[in-house]
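All chains should be modelled from the sequences, with the hints used to inform the complete structure.
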Amino acid sequence: MLSLSSISPLKISPCRTHFPLPSHHRFCRFGVRCSYAEAGVKGDSKSATIDVEADVKSERVVVLGGNGFVGSAICKAAVSKGIEVTSLSRSGRPSQSSSWVDQVNWVTGDVFYVNWDEVLVGATAVVSTLGGFGSEEQMKRINGEANVLAVGAAKDYGVPKFILISVHDYNLPQFLLESGYFTGKRKAESEVLAKYPNSGVVLRPGFIYGKRRVNGFEIPLDLIGEPLERILRATENFTRPLSSLPASDLILAPPVSVDDVALAAVNAITDDDFFGIFTIEQIKEAAAKVSV
61 MLSLSSISPL KISPCRTHFP LPSHHRFCRF GVRCSYAEAG VKGDSKSATI DVEADVKSER
121 VVVLGGNGFV GSAICKAAVS KGIEVTSLSR SGRPSQSSSW VDQVNWVTGD VFYVNWDEVL
181 VGATAVVSTL GGFGSEEQMK RINGEANVLA VGAAKDYGVP KFILISVHDY NLPQFLLESG
241 YFTGKRKAES EVLAKYPNSG VVLRPGFIYG KRRVNGFEIP LDLIGEPLER ILRATENFTR
301 PLSSLPASDL ILAPPVSVDD VALAAVNAIT DDDFFGIFTI EQIKEAAAKV SV
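Using the numbering used here, read the sequence shown as starting at 61 and increasing by one per residue.
Read the hints as simulated data drawn from the structure, not as lab findings. Nothing here was measured: the structure is a model prediction, and the numbers come from that model. Think of the CB as a built atom: it goes at the ideal place given N, C-alpha and C, for glycine as much as any other residue. Treat the hints with care, since some could be wrong.
[Stated by the list, open to error] Here are the simulated distance ranges between beta carbons:
1. E196 / L302: 28 to 36 Å
2. K255 / I291: 33 to 41 Å
3. K141 / F298: 21 to 29 Å
4. T339 / K255: 20 to 28 Å
5. N297 / S195: 35 to 43 Å
6. N175 / R300: 47 to 55 Å
7. S239 / L305: 18 to 26 Å
8. F298 / S195: 36 to 44 Å
9. I279 / D216: 36 to 44 Å
10. N297 / Q198: 38 to 46 Å
11. S239 / R150: 17 to 25 Å
12. P280 / Q234: 34 to 42 Å
13. L310 / E197: 19 to 27 Å
[Stated by the list, open to error] Using 25 Å as the maximum straight-line C-alpha spacing, the simulated BS3-like pairs for lysine-lysine come out as follows:
14. K141 / K271
15. K247 / K215
16. K255 / K200
17. K344 / K271
18. K344 / K141
19. K271 / K136
Next up, the structure:
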């Protein structure tokens, strides 16, 4: 009778990865060798190889605007979770020297002119942090048109997921939401949800705080945002009745840490059941799922 102790330990040969691109799943074939010689089994006592195919999902994310404040936080968080990261931004590789920076594939380019073959082939998700202020036309172009173009390209290349970093509406009156900034963002949101109804993600944070680098200088927005977030969360039971007032969230909406936004994006990349529009509170909840 065979006993467990009489069987030599399993030996797993190195993984040989083989996959066609683009691909959502990558497979590893493991050669498992079992020796029964010590158990006294008659016959060929030589080790035999059993091939077992395991379906191992490997993520590769493309971050649009990856050298920006939010984009770089997403790149860093994704790398820390073992996700392969490519950043596309007009400024290319950041000047800072950190170990995670060396693990990102930095591509210099503009979404309006980039060769998508260089960045989207084999991607499993795209995260867009594109957005900004300026004239009405500039805001419509960068907040809306750039994102719409990126969503269409991702869909054409068969990328399974698209995550958009959008913005909270702050309970503003409709006439204020008709500015180029908000109309651009909402146009991008509509495109994401239309092209990716079962896997598109829209994150709507409010004021995002953290250590922001501008022209080589570090602006510690967390010195304002973090204590403000704690105060607003501690007093939300008292201030909730005011939330129905127009534009009340300009004061009452709690700020969000850039790290929480980044972790929520990582959760969106890795969780197939995570899709739709997510509020400030839901962003915090999503971040908590992957923060450990």
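Hint-by-hint comparison with the structure:
| no. | hint | in the structure |
| --- | --- | --- |
| 1 | E196 / L302: 28 to 36 Å | 31 Å, holds |
| 2 | K255 / I291: 33 to 41 Å | 39 Å, holds |
| 3 | K141 / F298: 21 to 29 Å | 38 Å, violated |
| 4 | T339 / K255: 20 to 28 Å | 22 Å, holds |
| 5 | N297 / S195: 35 to 43 Å | 41 Å, holds |
| 6 | N175 / R300: 47 to 55 Å | 50 Å, holds |
| 7 | S239 / L305: 18 to 26 Å | 20 Å, holds |
| 8 | F298 / S195: 36 to 44 Å | 40 Å, holds |
| 9 | I279 / D216: 36 to 44 Å | 38 Å, holds |
| 10 | N297 / Q198: 38 to 46 Å | 41 Å, holds |
| 11 | S239 / R150: 17 to 25 Å | 24 Å, holds |
| 12 | P280 / Q234: 34 to 42 Å | 35 Å, holds |
| 13 | L310 / E197: 19 to 27 Å | 25 Å, holds |
| 14 | K141 / K271 | 21 Å, holds |
| 15 | K247 / K215 | 16 Å, holds |
| 16 | K255 / K200 | 20 Å, holds |
| 17 | K344 / K271 | 18 Å, holds |
| 18 | K344 / K141 | 18 Å, holds |
| 19 | K271 / K136 | 14 Å, holds |
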